[in-house]
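Use these hints to put chain C onto chain U, whose structure you have.
Take a look at the letters that make up each chain.
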Amino acid sequence: MRGLALLFALGWPVAGLSAQEAALDSLREVGNYEAAIAVARRANAQNTLGELLMAVGRPVDAARAFTAAIDLHQADSLRARLNLAVLQFQRGARDSALRAFDRFIDVYNGGGRLTSGELTAVAIAVGYLSVRDPNLARDALRAFDEAVATDSTNLEPRLLLGELFLQRYNGTEARTTFEAVLARHPHHARALLGLARTTRFEGSRQAIELVRQALQRNPRLVAAHALLAELSIELEDYVAAERAIARALETNPRSLRAMALRAAVAYLRGDAARFDATVEQVLSLNPAYAELYTTLAEVAARNRLYTQAADFARRAVALDADAWRGYALLGINQLRNGEMRRGRRNLETGFGGDPFDVWTKNTLDLLDTLDRYPETASPRFRFIVDGKESALLTPYLTEVAESAYDSLAARYGYRPATPIRVEVFPDHVDFSVRTVGLVGLGALGVSFGPVVAMDSPSARDAGAFNWGSTLWHEIAHTFHLGLSHHRVPRWFTEGLAVFEERRARSGWGDDVNPAFLMAYHQDRLLAVSRLNDGFMRPAYPQQIIFSYYQASLVCEMIEQSAGADALVRMLRAYGDGLTTFQVFRRVLGTTPDAFDASFDAWFRERFARPLAAITPPDTTVQVEPTRAGIADLARRRPGDFPAQLAMGQLLLRDGRPAEAIPYLERAKRLFPEYGGDDSPYALLAGIHRANGDLARAAAEFTALTAINERAYEAYGLLAGLRLTLGDTLAAMRALDAAMFIHPYDVGMHRELAELSELNHRYVMAIRERRAVVALDPVDRADALYRLARAHMSANQLDEARRIVLQALEIAPEFAQAQELLLQIHERRGS
Amino acid sequence: MRTAPAALVAALCAAPAAGQTHILVVSGLTGEARFEATFHETATTILEAAHDRFAVPATHMTYLAATPATDPARIAGRSTKDEVLRVLEALAAGAEPDALIVIVLIGHGSASGGDDRLNLPGPDLSAEEFAAALGKFPTQRLVVVNAASASGGWIPALSGDRRTIITATRSATERHESYFGKYFAQAFASDGADTDKNDRISLLEVFEYARQEVQRYYEGERRMLTEHALLDDNGDGAGSLEPDPTTGDGAVARQIFLDQAARRGPVADSALAALQQRQDSLQTLVTALRGRKDTMPEAAYQRELERLLLDVARIGRQIRQRSEAGRR
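Going line by line, the protein sequences match chains U and C.
Every letter in the first sequence is one number past the one before it in this note's numbering, and letter 258, counting from 1, is 258.
Every letter in the second sequence is one number past the one before it in this note's numbering, and letter 40, counting from 1, is 40.
Only chain U is shown next, with the shape it has when bound in the complex (with noise of 0.2 Å):
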């Protein structure tokens, strides 16, 4: 390709196009504008000449070519005039400019027969309108398709409608396009290019690879190097965005885009003197450039500095009052702050101008569905959870979120703003769009600060997570960005926060298993140092699983050998703008190079024993996967923890409890800290539980759930041997703790409260008493009674005299109630 370019430059003819056509395609496509521009020159094809000038950051000199271009009457006079409007707008002069492109609807509405180029330019054109009237967008589609169907070989028309669709948020006809040039020209820069677009519009992290193989081919494509600017930015690697800025700079010192990247790269390391300087860059080419400001509040929401977010995407609306991503990253932001009504309207507005922005019609649609939501609030919280179960929810959330305040800012020295608002999903779908506008995040819960969004129990399966340990996290998040001023990185909130679940309650938190430490075994644990990485590109699926919790080791290992204060201290200096390398310096008085070495020996210590039965499987020796290769191994291998729970779990699965047991003690001895439902712990208790020895299996059940904040079908066994034993305290603190993993059995909130009734527990038995009538049980009446009488144990006379009276009203028969009634008039007449 590149000798027949060459051909092309050196005039030579070529059948079936004009050889500088040809000639300039192929020196642009890939990247070689000086050679085009001396080519466009000898053709006299001014406006060409003008289009690489233009990609080269010479807007005055393109101008000129494009006016010579007009004043020849050469064929491409049309794309010329297109081209000068465009000049004008991206200097900011964005009404002569709208004004220009709306004569081309007079073009196409001519009636003359148009090239495929011209129908191209007149496509264009109707696309920068449609930001007035979004209806023109499909205009805009109608003249690509005719440009197409009119010279099917002519490619500018298909990449700009590929670029078109992803603006309008349709990834699926965008990889069409794309993929379609790509058929026929497989290297196409600029196809490549929009592929990668898409595939970063899809959530892919394989856009990274496509911009790489356009920069392949075209290595000075600009948006390029842009766009591999912003996919480094999002990972936090700013060496390599600056990098990719400045190769962009390099091609056309005066990309807008490459100059607000710059801008927001500066921005996130702290260096005011190089923000101001790139803003009034920017500003003075295009004071009308909206974008600057709707990506930095990109960028800064995407660093959790919501506030910074709105206060960028508001200087974009006021600079434009047409830069509708600008009101609705002003508006999400504004939500993710709690500024709930002011945010809707500025996605109202947002909406208004761009109705295909599927984000902010998914947030709008969720906030009509939080208005029905009632709000219930506690001292410190508001909480904002589904008709259907608010009533259910409430007292444990509150129970949780209170406690959790309180415990924090003891530990902390430090008091979030008041009220902070807890949104609770019963649908995922709607919790995804309120944390990112679309649906699919994996996340439980999401802290904004001022507001915490998660799941409801009732959003996944029973067991499928914690909900009193989530909203703990999540509340501990709350507390990390405020003292941090959102600045603390993922990795240390992130492993502070599950720290912060272990301490609250026993069994909380994530917890050691065996894939953790094969991980580690194997060297596929991160360093420290780079333990960021983890969360923001990770190696491999588990490797983020891995790396919350290794994050929490490390904050507990901070907390012993530094004090506890130490991690508050790291919250304040990461809020003074330190990166983590002066963090460790000044906190610690270590760097995390130095710091990664002193971990690595505490960790083998902390798990010495585990990680001593949990090696790397010996390549050279082959073990059998039948049932005498599993014993051999066994028998072999008493240290290995594997080989020993196997051992006893094939011995269970062949009915020989009594022979399991030795095995599965041995394991248990190898690996205390693994709670996992395949633990030795449950099976032991099984067995225990089978063989009617009803402590051992009380026992090996409190051990398995102080460990394992899941185990809802543990806790009620539990609860029933300890019930069974006689031990109601303990029989009511399992019952609770199951409560949030799933709170929706009606006959297990009885039991419990029942017992709390036994145990004098009367808030927790009030608790119980009103989770059941919220579950709506047939009996209505019955469930306001036993309401009403543990008020009254409670000696909360006038709420038992309320709920009682709603006993009655659906039952006046029933003569226990009337009882209570009369017993509440007679003690409070007394």
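Think of the hints as simulated: they come from the structure by calculation, not from any bench.
Any given hint could turn out to be false.
[Unchecked claim] DSSO-like, lysine-lysine: derived pairs with alpha carbons at most 30 Å apart: (1) U:Lys361 <-> U:Lys388; (2) C:Lys81 <-> C:Lys136; (3) C:Lys182 <-> U:Lys388; (4) C:Lys81 <-> U:Lys388; (5) C:Lys81 <-> C:Lys182.
[Said to hold, decoys possible] Which stretches of chain U does chain C cover? Using the computed rule of at least three CB atoms under 8 Å from a CB of chain C, they are: (6) 778–786; (7) 804–810.
[Claimed, not checked] Taking CB as the label site, the calculated pair distances span: (8) U:Phe201 <-> C:Gly31: 43 to 53 Å; (9) U:Gln796 <-> C:Leu285: 24 to 34 Å; (10) U:Ala149 <-> C:Gly31: 44 to 54 Å; (11) C:Gly31 <-> U:Gly747: 27 to 37 Å; (12) U:Glu713 <-> C:Leu285: 45 to 55 Å; (13) C:Ser190 <-> U:Glu819: 19 to 29 Å.
Quick reminder that beta carbons are idealized off the backbone N, C-alpha and C, glycines included.
Positioned in the frame of chain U, the structure of chain C alone reads:
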């Protein structure tokens, strides 16, 4: 068999008629093995509750199942179509004119081209054949509970005067496994269905209990509700998903109890009789007040409600004390 709570066994009946209760339970083909146990459990739960809690004599209960060997002591015969029709004919011949006949069908249903069937060993039983058999009960009150899947089409076929028809599904297209029978049986066996707390369980209360618990089950399992039970007792051939005795279906079912003895015989103690009369009047006033709830200011409603309910409670206490003293 479990022992009925004293209050329930002793409860007196307020039903419009007070004849004997006869129960026929038919359990159809099970298909998968697991259904054999669940169908049998449903059937025996109903029969035990009828005997133990509602004092229905064992001689008034018949249980036919696809595999009698499962429980020969309780299963009277094989649930073939001929046997079902034979038992119905015998029942029609022997039942008192004012008897309450309760027929519960358990199993899998099917339908094609408007032909609704219950799957039995041998030929299936169609709704039309069953309707014809019911024609032999000219004076008795009939309760038919078709707890099978795809049973919705049985209501138009069986609906009529003196008949309460309950189906587990609202149409023949709801063909998935039905859980209605399980909760219908549970309602008889537990106290939870007595929602008005009058120590008696009406057929309407049983239906409501089963309907709501089925819904709760599906929600708990995070599954789409694939069965919607219906009740028809006004003979219009259309079942109600949520019967409302004040406006349509439910008025008859509210008055049907398995324990058919009269609630209140003549009360010798005239003071007690006066108290009961006063109690009835007060409860009528409460019912009337509830009817006006939407038209009254909330505070005024609550004041009046409390005043009335306190009177109800005081009279109730006097009745209980006087009854207790009388028993001593």
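Each hint, compared with the structure:
| no. | hint | in the structure |
| --- | --- | --- |
| 1 | U:Lys361 <-> U:Lys388 | 25 Å, holds |
| 2 | C:Lys81 <-> C:Lys136 | 16 Å, holds |
| 3 | C:Lys182 <-> U:Lys388 | 26 Å, holds |
| 4 | C:Lys81 <-> U:Lys388 | 46 Å, violated |
| 5 | C:Lys81 <-> C:Lys182 | 23 Å, holds |
| 6 | 778–786 | holds (count 5) |
| 7 | 804–810 | holds (count 4) |
| 8 | U:Phe201 <-> C:Gly31: 43 to 53 Å | 50 Å, holds |
| 9 | U:Gln796 <-> C:Leu285: 24 to 34 Å | 29 Å, holds |
| 10 | U:Ala149 <-> C:Gly31: 44 to 54 Å | 60 Å, violated |
| 11 | C:Gly31 <-> U:Gly747: 27 to 37 Å | 30 Å, holds |
| 12 | U:Glu713 <-> C:Leu285: 45 to 55 Å | 50 Å, holds |
| 13 | C:Ser190 <-> U:Glu819: 19 to 29 Å | 23 Å, holds |
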